[in-house]
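2 protein chains.
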Amino acid sequence: MDLKEAGLCEGISEVIATTRSASRVPNAAPIGILTREDNFFVKLYKGSQTISNVLLKKELAANVTDDAVLFVNAAFATLSANYFSLFHSFPVLKEANSWIIFKCNVIEERRESFLFQLTPIAVEINRQVMRAINRGLNAVVEAAILATRYGIIEDEREKAEMKEMIERYAAIVEKCGGRREKEAMSVLYDIMLL
Amino acid sequence: MDLKEAGLCEGISEVIATTRSASRVPNAAPIGILTREDNFFVKLYKGSQTISNVLLKKELAANVTDDAVLFVNAAFATLSANYFSLFHSFPVLKEANSWIIFKCNVIEERRESFLFQLTPIAVEINRQVMRAINRGLNAVVEAAILATRYGIIEDEREKAEMKEMIERYAAIVEKCGGRREKEAMSVLYDIMLL
Numbered sequence: 007m008d009l010k011e012a013g014l015c016e017g018i019s020e021v022i023a024t025t026r027s028a029s030r031v032p033n034a035a036p037i038g039i040l041t042r043e044d045n046f047f048v049k050l051y052k053g054s055q056t057i058s059n060v061l062l063k064k065e066l067a068a069n070v071t072d073d074a075v076l077f078v079n080a081a082f083a084t085l086s087a088n089y090f091s092l093f094h095s096f097p098v099l100k101e102a103n104s105w106i107i108f109k110c111n112v113i114e115e116r117r118e119s120f121l122f123q124l125t126p127i128a129v130e131i132n133r134q135v136m137r138a139i140n141r142g143l144n145a146v147v148e149a150a151i152l153a154t155r156y157g158i159i160e161d162e163r164e165k166a167e168m169k170e171m172i173e174r175y176a177a178i179v180e181k182c183g184g185r186r187e188k189e190a191m192s193v194l195y196d197i198m199l200l
Numbered sequence: 007m008d009l010k011e012a013g014l015c016e017g018i019s020e021v022i023a024t025t026r027s028a029s030r031v032p033n034a035a036p037i038g039i040l041t042r043e044d045n046f047f048v049k050l051y052k053g054s055q056t057i058s059n060v061l062l063k064k065e066l067a068a069n070v071t072d073d074a075v076l077f078v079n080a081a082f083a084t085l086s087a088n089y090f091s092l093f094h095s096f097p098v099l100k101e102a103n104s105w106i107i108f109k110c111n112v113i114e115e116r117r118e119s120f121l122f123q124l125t126p127i128a129v130e131i132n133r134q135v136m137r138a139i140n141r142g143l144n145a146v147v148e149a150a151i152l153a154t155r156y157g158i159i160e161d162e163r164e165k166a167e168m169k170e171m172i173e174r175y176a177a178i179v180e181k182c183g184g185r186r187e188k189e190a191m192s193v194l195y196d197i198m199l200l
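Chains as they are written, first to last, in this note's numbering: chain A, 7 to 200; chain B, 7 to 200.
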């Protein structure tokens, strides 16, 4: 299946994974889906709700979005039930530009992660959003990735360096972002208590 | 005119400006278009071919693309005639996902730049390309911006720091980019002679 139209291109696509637990509680968290010659893979780290749900249900939905606030909320907060809609009882994000539901097969277990091959079983395009490159959106994503590490690092010098890089990204958001990017950065700062 | 469908959203959109000289030679170079409450602005630095052409003809086309190679080539090379097509004799990029032709009015002259207000006069959407966030594409853009400064900086320490940041972006491209992002990075390295 060609998923280009739904937004998955060669390389790693940053999307929001939605999954469900044994008791049907939906969960959302950012993941990166690797597309290589029309094959799809994802590496999931052990210890997350996403990996528990995927190992149990062997399914995940990749929700494509360009909404910086949704991205940051999925990374750091618990999305409430009204963010989700159900497709044949599987949770997807109402606000996603598109989503793809994948069957997940483990192809490798490593010490800290599992590698899955993904097979698309359903795809929906809610709206075709074309967007010129916005450095602010990119900066939110990079800052969010740093922020997930910021909380667990203990070395003070490393923490200071990381904070400096986050501030560099915040300056790009301030200059180049729109309202959603600026709001996302402010959510991120609240979470990090910077 | 609402240019969201053509890819221009709130904040600064990184696009490729095409312009023409008095002798009708087409030129292409990256610019950032600021969208604020359905008003459009661009700051152009003095000394570039783009600003000469815009001051002369009072027009520019904003070409929206997600092609990293096209972006880097427009930044550092001279695009040959076959990259362009003409719309009522004004040059646009054949490979653009969309383009908008703007009338440009100077609203402020500063020491090193002019600020223009832009009024859209024609728009074309060649294809609606939706693409999930790709950190590799973002990294190419950030590296290209650094690379334009790298050539003119003389302070050795500053140059070394800049090189280190470019290498950080190159690692992101290697991990997250597709073929076009990797090719763009290699073009960038060739230009910088790193």
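Rather than coming from a laboratory, the hints here were simulated on the basis of the structure. The model shown is predicted, which means the values in this text are computed figures rather than measured ones. Any given hint might turn out to be false.
Any copy will do: because identical chains look the same in the list, a pair fits if it lies in one copy or spans two.
[Stated by the list, open to error] Here are the simulated DSS-like cross-link-like pairs (lysine-lysine), alpha carbons at most 25 Å apart as the crow flies:
(1) Lys109 <-> Lys181
(2) Lys100 <-> Lys10
(3) Lys169 <-> Lys10
(4) Lys64 <-> Lys52
(5) Lys188 <-> Lys49
(6) Lys181 <-> Lys100
(7) Lys181 <-> Lys169
(8) Lys64 <-> Lys188
(9) Lys169 <-> Lys64
(10) Lys63 <-> Lys188
(11) Lys52 <-> Lys63
(12) Lys181 <-> Lys52
(13) Lys100 <-> Lys169
(14) Lys49 <-> Lys181
(15) Lys181 <-> Lys63
(16) Lys188 <-> Lys109
(17) Lys165 <-> Lys63
(18) Lys63 <-> Lys169
(19) Lys169 <-> Lys109
(20) Lys52 <-> Lys188
(21) Lys165 <-> Lys10
(22) Lys63 <-> Lys49
Comparing the hints with the structure gives:
no.: 1; hint: Lys109 <-> Lys181; verdict: between (41 Å within a copy, 24 Å between copies)
no.: 2; hint: Lys100 <-> Lys10; verdict: both (20 Å within a copy, 21 Å between copies)
no.: 3; hint: Lys169 <-> Lys10; verdict: neither (35 Å within a copy, 34 Å between copies)
no.: 4; hint: Lys64 <-> Lys52; verdict: within (15 Å within a copy, 57 Å between copies)
no.: 5; hint: Lys188 <-> Lys49; verdict: between (30 Å within a copy, 21 Å between copies)
no.: 6; hint: Lys181 <-> Lys100; verdict: neither (30 Å within a copy, 30 Å between copies)
no.: 7; hint: Lys181 <-> Lys169; verdict: both (18 Å within a copy, 23 Å between copies)
no.: 8; hint: Lys64 <-> Lys188; verdict: neither (36 Å within a copy, 32 Å between copies)
no.: 9; hint: Lys169 <-> Lys64; verdict: neither (37 Å within a copy, 43 Å between copies)
no.: 10; hint: Lys63 <-> Lys188; verdict: neither (36 Å within a copy, 35 Å between copies)
no.: 11; hint: Lys52 <-> Lys63; verdict: within (16 Å within a copy, 59 Å between copies)
no.: 12; hint: Lys181 <-> Lys52; verdict: between (37 Å within a copy, 20 Å between copies)
no.: 13; hint: Lys100 <-> Lys169; verdict: neither (33 Å within a copy, 42 Å between copies)
no.: 14; hint: Lys49 <-> Lys181; verdict: between (33 Å within a copy, 13 Å between copies)
no.: 15; hint: Lys181 <-> Lys63; verdict: neither (43 Å within a copy, 28 Å between copies)
no.: 16; hint: Lys188 <-> Lys109; verdict: neither (35 Å within a copy, 29 Å between copies)
no.: 17; hint: Lys165 <-> Lys63; verdict: neither (37 Å within a copy, 51 Å between copies)
no.: 18; hint: Lys63 <-> Lys169; verdict: neither (38 Å within a copy, 45 Å between copies)
no.: 19; hint: Lys169 <-> Lys109; verdict: neither (38 Å within a copy, 42 Å between copies)
no.: 20; hint: Lys52 <-> Lys188; verdict: neither (32 Å within a copy, 30 Å between copies)
no.: 21; hint: Lys165 <-> Lys10; verdict: neither (38 Å within a copy, 39 Å between copies)
no.: 22; hint: Lys63 <-> Lys49; verdict: within (16 Å within a copy, 52 Å between copies)
Hints 3, 6, 8, 9, 10, 13, 15, 16, 17, 18, 19, 20, 21, counting from the list given before, are not met by this structure.
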